[in-house]
Amino acid sequence: MPSQLGTPFSKLVLSQNVAIISEFKLESGQILQQCPVAYKTWGKLNEDRDNVMVICHALTGSADVEDWWGPLFGPGRAFDTSKFFVFCANSLGSPYGSASPVTSDPSTNSLYGPDFPVCTIRDDVRLHRLVLDFLGIRNVAIVIGGSMGGMLCLEWAFEGRDFIKNIVPIATSSRHSAWGISWGEAQRQAIYSDPKYLDGLYPLDDPPISGLAAARMQALLTYRSRNSFETRFGRNTPTYTPPITPTTSKPTANVSFSAQSYLRYQGRKFVSRFDANCYISMTLKMDTHDVARGRFSSISTALSSLRQEALVIGIESDGLFTFLEQEELASHIPDSRLVKITSPEGHDGFLLEFEQINLAIVKFLKEVLPNYMDGSADSEGTFIVSKTSIFGEAEVENITEW
1 MPSQLGTPFS KLVLSQNVAI ISEFKLESGQ ILQQCPVAYK TWGKLNEDRD
51 NVMVICHALT GSADVEDWWG PLFGPGRAFD TSKFFVFCAN SLGSPYGSAS
101 PVTSDPSTNS LYGPDFPVCT IRDDVRLHRL VLDFLGIRNV AIVIGGSMGG
151 MLCLEWAFEG RDFIKNIVPI ATSSRHSAWG ISWGEAQRQA IYSDPKYLDG
201 LYPLDDPPIS GLAAARMQAL LTYRSRNSFE TRFGRNTPTY TPPITPTTSK
251 PTANVSFSAQ SYLRYQGRKF VSRFDANCYI SMTLKMDTHD VARGRFSSIS
301 TALSSLRQEA LVIGIESDGL FTFLEQEELA SHIPDSRLVK ITSPEGHDGF
351 LLEFEQINLA IVKFLKEVLP NYMDGSADSE GTFIVSKTSI FGEAEVENIT
401 EW
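For what it's worth, the UniProt record's numbering labels the leading residue of the sequence shown as 1, then goes sequentially.
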């Protein structure tokens, strides 16, 4: 079952495995044949094979948790691989190894492209469970995820009522809000409007990078906060940086502010690691998220049915998945705790405030999994980022100088 199949983007993820599921039926009824699922693991299973920590990645993340949540790994930290077997699988629609628009349809031997079917958060969870089954895992100690990963975390609680013991949804929601749906649509329209999009039938060596970069720049504004940008950039005017889309205007025709330069940098960085059809697929997937859909008459009833112990973590300045949405989760999940992360960074605080996130998770682990955490020393060292993340938001560059 393990394989080393890949996509044009999967080479960015080092040392991952790819499981092949011979046939997987989506919620829509469509069937994916020979469906690849990329995943990574850390640590070792204990004798009972129940020291399992499942981590779920966000919209543009990958199975490489060490890249985007690296500071949380280590002795005494949230992801202590001497105590837990850590598992993370790549979501359907993502370009990093699982079935997606940039993988081949076995029935045609051509890339799925825009014909890749719409998948749901529930599809991801059911598919990833098949990989756990293959690994001989029948009990999971805890599931942790932020943003879209938090959506998977909540769905794991429903899908795995019989074997998921604890959950930590971070900066997420019980259902994707009208606000989130609208931002996703605006970002997709930026891609559609690029002449190179060609109804999704573009060649991979000439993709619609202008539209994808514009979508990423829009998204970044929802991930951060006004105060974060104002503090970092203000009205600074660095050396001119050319825009992603060519223009006939002279550089001196318009003032280039640091904030603009930073957005352009983020756009350029993103188009080198992501695919436009995959971005469309992933944002449409988030739109399907609603824990009550087809199950209960209301969100409150759905959440009240959960029996796992939960730690809900929210970012105080989050404008995309507001703290009010975290309060809703915590108020209806019976055995839950709520932690507010103090940060000016907005939604991306879940990928930047490593020390606070770590402290909250470790405290929860000691409360609900004392058998694993007995004798656990306090974490050593600082939470200073040593390298710029490929799939996350941590950067070592001084971005205030853009």
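Misleading hints may appear alongside valid ones.
Unchecked claim - Okay, derived cross-link-like pairs now, DSS-like style, lysine-lysine, Cα gap no bigger than 27 Å in a straight line:
#1 LYS366 <-> LYS196
#2 LYS11 <-> LYS165
#3 LYS196 <-> LYS44
#4 LYS44 <-> LYS165
#5 LYS44 <-> LYS269
#6 LYS196 <-> LYS269
#7 LYS44 <-> LYS25
#8 LYS196 <-> LYS165
#9 LYS44 <-> LYS340
#10 LYS340 <-> LYS363
#11 LYS196 <-> LYS340
#12 LYS366 <-> LYS11
As the list claims (entries may be wrong) - Estimated spans, in silico, between C-beta atoms of each pair:
#13 THR245 <-> GLN30: 50 to 58 Å
#14 LYS25 <-> ASP50: 27 to 35 Å
#15 GLN33 <-> ARG295: 34 to 42 Å
Think of the hints as simulated: they come from the structure by calculation, not from any bench. Ideal Cβ placement from N, Cα and C applies to all residues, glycine included.
Return the numbers of the hints above that this structure violates; sort them in rising order. The structure breaks hints 1, 2, 3, 5, 7, 8, 9, 11, 12, 13, 15; every other hint is satisfied.
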